[in-house]
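Novice: For the protein sequence lines, the chains are A and B, in the order given. First residue of the first sequence: 0, per numbering that gives the first Met the number 0; consecutive thereafter. First residue of the second sequence: 0, per numbering that gives the first Met the number 0; consecutive thereafter.
Hints may contain errors.
[Stated by the list, open to error] Simulated crosslink set (PhoX-like; lysine-lysine; CA at most 20 Å straight-line):
(1) A:Lys78 <-> A:Lys48
(2) A:Lys48 <-> A:Lys182
(3) B:Lys169 <-> A:Lys79
(4) A:Lys21 <-> A:Lys182
(5) A:Lys66 <-> A:Lys55
(6) B:Lys174 <-> A:Lys48
(7) A:Lys60 <-> A:Lys26
(8) A:Lys111 <-> A:Lys66
(9) A:Lys117 <-> A:Lys66
(10) A:Lys55 <-> B:Lys54
(11) B:Lys54 <-> A:Lys78
(12) A:Lys55 <-> B:Lys174
(13) B:Lys169 <-> B:Lys54
(14) A:Lys111 <-> B:Lys154
In case anyone wonders, no lab produced these hints; they're calculated from the structure.
Below are the chains, spelled out letter by letter.
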Amino acid sequence: MNHYVELSNVSFSYPRSKRIIKNITLKLNRSQFTALVGPNGSGKTTLGKLAMGILKPSSGKVFICGKNSTEMTLGEIGKKIGYLFQNPQRQLFALTVAEDIAFSLEWNEHDKAETRRKVTNMLELFQLEHLRNSSPFNLSHGEKERLALAGIFVNHLDYFILDEPTMALDMERKQILSDILEKISSYGIGMLIISHDQDFVNQHADRIIKMSEGEIVYDSTNNLRP
Amino acid sequence: MTAPTTLDPRTKLVMVLCLSSLAVFIRDIYVLVGVLLLSFLISVILKGNLFPAFKQMKRLLLLIVVVAVAQSLFAPAGRTIVALGTVPILTTGGLIQGAEFILRMAVIVVSATIVATSSYREIVQGLVQWKIPYEIAFMVSVAIRFLPMLIEEIKDVMLAIQLRGVELQKIPLRKRLRIYSYILTPIVIGTVIKAEKLAAAMETRAFRAYPQRTSYMILKMASIDYMLISFSMLAFISVVIVYYMWGI
Ligand SMILES: Nc1ncnc2c1ncn2[C@@H]1O[C@H](COP(=O)(O)OP(=O)(O)OP(=O)(O)O)[C@@H](O)[C@H]1O
Ligand SMILES: [Mg+2]
Numbered sequence: 000m001n002h003y004v005e006l007s008n009v010s011f012s013y014p015r016s017k018r019i020i021k022n023i024t025l026k027l028n029r030s031q032f033t034a035l036v037g038p039n040g041s042g043k044t045t046l047g048k049l050a051m052g053i054l055k056p057s058s059g060k061v062f063i064c065g066k067n068s069t070e071m072t073l074g075e076i077g078k079k080i081g082y083l084f085q086n087p088q089r090q091l092f093a094l095t096v097a098e099d100i101a102f103s104l105e106w107n108e109h110d111k112a113e114t115r116r117k118v119t120n121m122l123e124l125f126q127l128e129h130l131r132n133s134s135p136f137n138l139s140h141g142e143k144e145r146l147a148l149a150g151i152f153v154n155h156l157d158y159f160i161l162d163e164p165t166m167a168l169d170m171e172r173k174q175i176l177s178d179i180l181e182k183i184s185s186y187g188i189g190m191l192i193i194s195h196d197q198d199f200v201n202q203h204a205d206r207i208i209k210m211s212e213g214e215i216v217y218d219s220t221n222n223l224r225p
Numbered sequence: 000m001t002a003p004t005t006l007d008p009r010t011k012l013v014m015v016l017c018l019s020s021l022a023v024f025i026r027d028i029y030v031l032v033g034v035l036l037l038s039f040l041i042s043v044i045l046k047g048n049l050f051p052a053f054k055q056m057k058r059l060l061l062l063i064v065v066v067a068v069a070q071s072l073f074a075p076a077g078r079t080i081v082a083l084g085t086v087p088i089l090t091t092g093g094l095i096q097g098a099e100f101i102l103r104m105a106v107i108v109v110s111a112t113i114v115a116t117s118s119y120r121e122i123v124q125g126l127v128q129w130k131i132p133y134e135i136a137f138m139v140s141v142a143i144r145f146l147p148m149l150i151e152e153i154k155d156v157m158l159a160i161q162l163r164g165v166e167l168q169k170i171p172l173r174k175r176l177r178i179y180s181y182i183l184t185p186i187v188i189g190t191v192i193k194a195e196k197l198a199a200a201m202e203t204r205a206f207r208a209y210p211q212r213t214s215y216m217i218l219k220m221a222s223i224d225y226m227l228i229s230f231s232m233l234a235f236i237s238v239v240i241v242y243y244m245w246g247i
């Protein structure tokens, strides 16, 4: 099966609000780098959360690896898809940077030596070694974003949904993230990236989806990747 | 009745205090139902926002079962309704205890909607005019305002933990407690950071720079306020007296 996430006639509205997502049908393929773009408030984050099963559709269905998202626990979904919140602060909770990265490995019974190796790897990759023992709460915004990314990429999952991963990064760090994403997608791992960064999108995306006022107004599949 | 929504916040506080004290003291299920109905009535008259309160109570209904079974198991009383061999699982006594527990919670939830019909600014002013130091009144109002935010944050952390692929349902209870400790860290640190920011903001606006404070808002109690306060206190005292003379 090729579709990792499938939305079928999905509509959504927050409690006591108008419809934010209007009857969207969308198939997200594994091993494809998909970019989701659109103006502020068009519903990109909401669509991302629906695809992740964090929000449940008001009508229509969402399937993750062929399973209805309403029948899955969040923990189950977390083993299939890695999710980066638009505000990275919201997903950090451990006492130290290293502990935060190790969290999911520790709770899913990996052995200690391997966990340590993977954590060191991630610290290096995201240039966080010097902050290893700092509290995640005192990091700068860009550092938090890198830590949140490290915390989800430490799991070797098959799909990632990243909500504006480059927002707080400087040019140099953005390039590093670009290289990492390039490498990850070369392993055949799929991604849905929500972004306002035109260059970033053009550089990486196999497919660009554009949203406006809760609807998909453009969907491309270009295969012109170098 | 004269426009009841303009009641003094202090009148509402007194009424709510009486209602929730009754809810805590009284052990008679019929009186408790009466107290709850009265709270409802007041909230409706004052145009309280009852919808979220209903939703909260729907969740509480699940608790009634838990409390009832726990009571029946550890302090069996009354007739046994369901039993496993000789062990009573559900007794009428337990069921009543569970119902009383829920009624008490419901009174407190509905009372909160009564207080919430005044803005927090009015409540602080009310407390200040009752000669409660402004600092304390202010702290109370801050605490009230931050509570919903705290609840949001706890939900966020639970969400984040699970999205890292931790299936809470599959983790044994003993280890799950360790997971819950992860909730405390960001909450405590976040609260301290927020407090520091708030303190800085207060400094820049010269909080307590002068010993005397003037208020642009002065609350004045109307005769209906005096009447309602007297009546609430009278009703409260007589219920307590009557209840204890009959009850014991
Ligand atoms: N929790 C919520 N409750 C009610 N309305 C919400 C909530 N979250 C978002 N909205 C509304 O839903 C709409 C879409 O929001 P969403 O966050 O999905 O937009 P977005 O495309 O991600 O925007 P941005 O580019 O600013 O991140 C907005 O109008 C927003 O005000
Ligand atoms: Mg967004």
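Novice: Against each hint, give a clear statement of whether it holds in the structure.
Specialist: Hint check results:
For the given pair, lysine 78 of chain A sits about 16 Å from lysine 48 of chain A by alpha-carbon distance, which is consistent with the 20 Å threshold. About 25 Å separates the Cα atoms of lysine 48 of chain A and lysine 182 of chain A, which puts this hinted pair outside 20 Å; it is violated. In summary, the hint linking lysine 169 of chain B to lysine 79 of chain A is supported, as the alpha carbons are separated by about 17 Å, within the 20 Å threshold. Distance check on the hinted pair: lysine 21 of chain A and lysine 182 of chain A sit about 35 Å apart at the alpha-carbon level, beyond 20 Å; violated.
Between lysine 66 of chain A and lysine 55 of chain A the CA atoms are separated by roughly 13 Å; this keeps the pair inside 20 Å, and the hint holds. With a CA separation close to 28 Å, the supplied pair lysine 174 of chain B and lysine 48 of chain A exceeds the 20 Å bound. Pair hint lysine 60 of chain A plus lysine 26 of chain A holds up; C-alpha atoms about 12 Å apart against a cutoff of 20 Å. Pair hint lysine 111 of chain A plus lysine 66 of chain A does not hold up; C-alpha atoms about 32 Å apart against a cutoff of 20 Å.
Using a Cα cut-off of 20 Å, the hinted pair lysine 117 of chain A and lysine 66 of chain A is violated, with the two alpha carbons roughly 30 Å apart. Of the pairs offered as hints, the one joining lysine 55 of chain A and lysine 54 of chain B holds, with about 18 Å between alpha carbons and a cut-off of 20 Å not exceeded. Straight-line distance between C-alpha atoms of lysine 54 of chain B and lysine 78 of chain A comes to about 31 Å, which puts the hinted pair past the 20 Å bound. For the given pair, lysine 55 of chain A sits about 29 Å from lysine 174 of chain B by alpha-carbon distance, which is inconsistent with the 20 Å threshold.
Between lysine 169 of chain B and lysine 54 of chain B, the direct Cα distance comes to roughly 28 Å. Violation of the 20 Å bound is thereby established for this hinted pair. Note on lysine 111 of chain A and lysine 154 of chain B: the hinted pairing is violated, with a Cα-Cα distance of about 29 Å set against a maximum of 20 Å.
Of the hints listed earlier, those the structure fails to meet are numbers 2, 4, 6, 8, 9, 11, 12, 13 and 14, in rising order.
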